[in-house]
Amino acid sequence: MSMSGIAIATQRLDLFYGDFQALTAVDLQVPEREVTALIGPSGCGKSTLLRVFNRMNDLIDGVRVSGQVLIGGKDIYAVDADLLRLREKVGMVFQRPNPFPLSVFENITFGLAVHQLAPRREYDMIVEKALRSVLLWDDLKDKLQRSALGLSLEQQQRLCIARVLPLKPQVLLMDEPCSALDPIATLHIEELMQKLKQEYTIVIVTHNMQQAARASDRTGFMYLGKLVEFGLTAKIFTQPAQELTENYISGRFG
Amino acid sequence: MAREHFQNLLRGLEQELVGMGEMVIAAIDRSIQALKNVDKVEAERIIADDALINSKRWEIENKCIQLFATQQPVAGDLREIVSFMDLITNLERMGDHAKGIATIVVRHDQTPLLKPLIDIPRMAAKAGEMIQKSLTAFITQDVDAARAIIEMDNEVDALYEQIFRELLTYMMEDARTITRAVYLIWVSHNLERIADRVTNICERIIFMVTGEISGN
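Just so you know, the sequences run in chain order A and B.
Its first residue numbered 1, the first sequence is counted upward by one per residue in my numbering.
Its first residue numbered 1, the second sequence is counted upward by one per residue in my numbering.
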């Protein structure tokens, strides 16, 4: 695969927490505008890998990264990498919805204000567009000034996704985005991912391999810090190349 | 709406199924046309084109397997995908019957047909109509239509019986007609089998909609 059409590329990526090696020689190419799922048992490194993509691991003491991580062709661990700009381009959604204790409106405009990306007079338009993208507009258009904390969990999670969109990210990282949601809300968020992938590259970490199967175009299976297998989801779940992958997805270990 | 993506995949598969059905109907039409004209060149083409129907079947089956593996279908969705797999098997076999008719054309020596074809084209048209209607009933999940199509099989059986008796008369009158009469019986037998397979499809439609396994 050529570099064009690739949103994220890692080469010989190693990551250590102190003496512990959490990622080993990960070579991964995440295509643009697709949903890529990372699966594997707890501790396999999938969340660590996800956090590499917006350098969230920098916040942890004793983290060392070697190898290369290119996002949009730029080395995000280069000495002159602009961290603020990286976080703008690579948005993240977490396991539990974590809206700011602010109004729905302010939740969406918060990032714009921080990054000074748009004049205030455009906020109304931007908020509407963001809420429409996550299919919340019809429900919330008359409740924009209400506290986001009063929304249902599903609405909060949608809002957390909407909050990232005004920054025009290239990549949306989702770390177990549905694990706090009920099954129907989970399917709704998966449906939303199908819609959002038309504009954004999505990387999702999930414990729920059925979710990876349903919602992703490509799946990476990780084990003990290594990317064991990466390929089309339809292929991984019907004819995985590695026995380890087969044993994991068929529930024989993990 | 929930699972719109999955629904879209199912609708896409339905379109492919209809496309495969059209390939089969075309193969049957062509085989009867080739028979009328004792056109061996066209018959050879029909035989070769059967591979396209076969590969379409594997293509759809592969997509069904992927849907099982990735979408975890349950209830009506599960029955629909199970039904897809059954329908394509039946359609593929119908394609083989069309190929069977083409093979008979190839075997036919240069002599003209024993008699002008009257009931065989009627039988073929009826079978084609049954396929068409059964696929529509499948897409629209129409159980009543499925039951009505099963009844149509009686008409095909009656035509088969009629053709058989008529050809038997030819053979009794003149033993030199036996080879060509048997060929025509084989042709009508292929058509009769096709219509039977449509009834399998209709039973599958009833299963898909109601969950009841019927059929004899």
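Please keep in mind that the hints were generated in silico from the structure rather than gathered at the bench.
Any given hint might turn out to be false.
[To be verified] Chain A regions said to be covered by chain B (calculated; three or more residues, Cβ under 8 Å):
1. 79-87
2. 126-139
[Claimed, not checked] Have a look at the derived ranges for each label pair, beta carbon to beta carbon:
3. R147/B - D217/A: 37 to 43 Å
4. E32/A - E4/B: 32 to 38 Å
5. Q132/B - E32/A: 25 to 31 Å
[Stated by the list, open to error] Derived SDA-like pairs: lysine to any residue, alpha-carbon spacing no greater than 20 Å straight-line:
6. K36/B - H189/B
7. K235/A - K63/B
8. K195/A - L9/B
9. K235/A - F6/B
10. K195/A - Q7/B
11. K63/B - D182/A
12. K235/A - T103/B
13. K63/B - P101/A
14. K235/A - E61/B
15. K56/B - A234/A
16. K235/A - I65/B
17. K235/A - E59/B
18. K197/A - N8/B
19. K40/B - T103/B
20. K235/A - K40/B
21. K63/B - G62/A
22. K197/A - E59/B
23. K63/B - K129/A
24. K195/A - G12/B
25. K235/A - H189/B
26. K63/B - D217/A
27. K141/A - W58/B
28. K197/A - L9/B
29. K63/B - R51/A
30. K195/A - N8/B
31. K235/A - K36/B
32. K235/A - I206/B
33. K195/A - K56/B
We put the CB at the ideal spot given by N, CA and C, even for glycine.
Now the hints, each set against the structure:
For the stretch 79-87 of chain A, the assignment as covered by chain B is violated, since 0 residues bring a beta-carbon within under 8 Å of that chain's beta-carbons and 3 are needed. For the stretch 126-139 of chain A, the assignment as covered by chain B is violated, since 0 residues bring a beta-carbon within under 8 Å of that chain's beta-carbons and 3 are needed. A beta carbon spacing of about 41 Å between R147/B and D217/A agrees with the range 37 to 43 Å that was offered as a hint. Between E32/A and E4/B the CB atoms are about 22 Å apart, so this pair departs from the stated range of 32 to 38 Å.
For Q132/B and E32/A, the Cβ-Cβ distance of about 42 Å falls outside the hinted range of 25 to 31 Å, so the restraint is violated. With a C-alpha separation of about 16 Å, the suggested pairing of K36/B with H189/B holds against the 20 Å cut-off. For the given pair, K235/A sits about 11 Å from K63/B by alpha-carbon distance, which is consistent with the 20 Å threshold. Straight-line distance between C-alpha atoms of K195/A and L9/B comes to about 14 Å, which keeps the hinted pair within the 20 Å bound.
Taking the CA atoms of K235/A and F6/B, the gap is about 17 Å. The hint holds against a cut of 20 Å. Our distance criterion of 20 Å between C-alpha atoms is met by K195/A and Q7/B, whose separation comes to about 14 Å. Restraint check for K63/B and D182/A: not satisfied, since their Cα atoms lie roughly 29 Å apart, outside the 20 Å limit. At roughly 38 Å between alpha-carbon atoms, K235/A and T103/B are farther apart than 20 Å, so this suggested pair is violated.
For the hint pairing K63/B with P101/A, the CA-to-CA distance comes to about 46 Å; that exceeds 20 Å, so the pair is violated. With a CA separation close to 14 Å, the supplied pair K235/A and E61/B stays within the 20 Å bound. Simply put, K56/B and A234/A have alpha-carbon atoms about 18 Å apart, close enough for the 20 Å limit, and the pair holds. About 10 Å separates the Cα atoms of K235/A and I65/B, which keeps this hinted pair within 20 Å; it holds.
Proximity of K235/A to E59/B is assessed by CA-CA distance (about 14 Å); at most 20 Å being required, the pair is judged to hold. The suggested pairing of K197/A with N8/B holds, with an alpha-carbon distance near 16 Å, which does not exceed 20 Å. In summary, the hint linking K40/B to T103/B is supported, as the alpha carbons are separated by about 9 Å, within the 20 Å threshold. The suggested pairing of K235/A with K40/B is violated, with an alpha-carbon distance near 42 Å, which exceeds 20 Å.
Note on K63/B and G62/A: the hinted pairing is violated, with a Cα-Cα distance of about 47 Å set against a maximum of 20 Å. Pair hint K197/A plus E59/B does not hold up; C-alpha atoms about 26 Å apart against a cutoff of 20 Å. For the hint linking K63/B to K129/A, the alpha-carbon distance of about 35 Å lies beyond 20 Å, and the restraint is violated. About 17 Å separates the Cα atoms of K195/A and G12/B, which keeps this hinted pair within 20 Å; it holds.
For the suggested pair K235/A and H189/B, the alpha carbons sit about 41 Å apart, so the restraint of at most 20 Å is broken. Only pairs whose Cα atoms come within 20 Å are accepted, and K63/B paired with D217/A is accepted, the gap being roughly 14 Å. Restraint check: the Cα-Cα separation between K141/A and W58/B comes to about 49 Å, which exceeds 20 Å; the hinted pair is violated. With a C-alpha separation of about 16 Å, the suggested pairing of K197/A with L9/B holds against the 20 Å cut-off.
For the hint linking K63/B to R51/A, the alpha-carbon distance of about 34 Å lies beyond 20 Å, and the restraint is violated. Taking the CA atoms of K195/A and N8/B, the gap is near 13 Å; set against the 20 Å cutoff, the hint holds. Taken as a hint, the K235/A and K36/B pair is broken in the structure, with Cα atoms around 47 Å apart against an allowance of 20 Å. Of the supplied pair hints, the one linking K235/A and I206/B is violated, its CA atoms being roughly 32 Å apart against a limit of 20 Å.
Restraint check for K195/A and K56/B: not satisfied, since their Cα atoms lie roughly 29 Å apart, outside the 20 Å limit.
In the structure shown, a violation is registered for the earlier hints numbered 1, 2, 4, 5, 11, 12, 13, 20, 21, 22, 23, 25, 27, 29, 31, 32 and 33, in ascending order.
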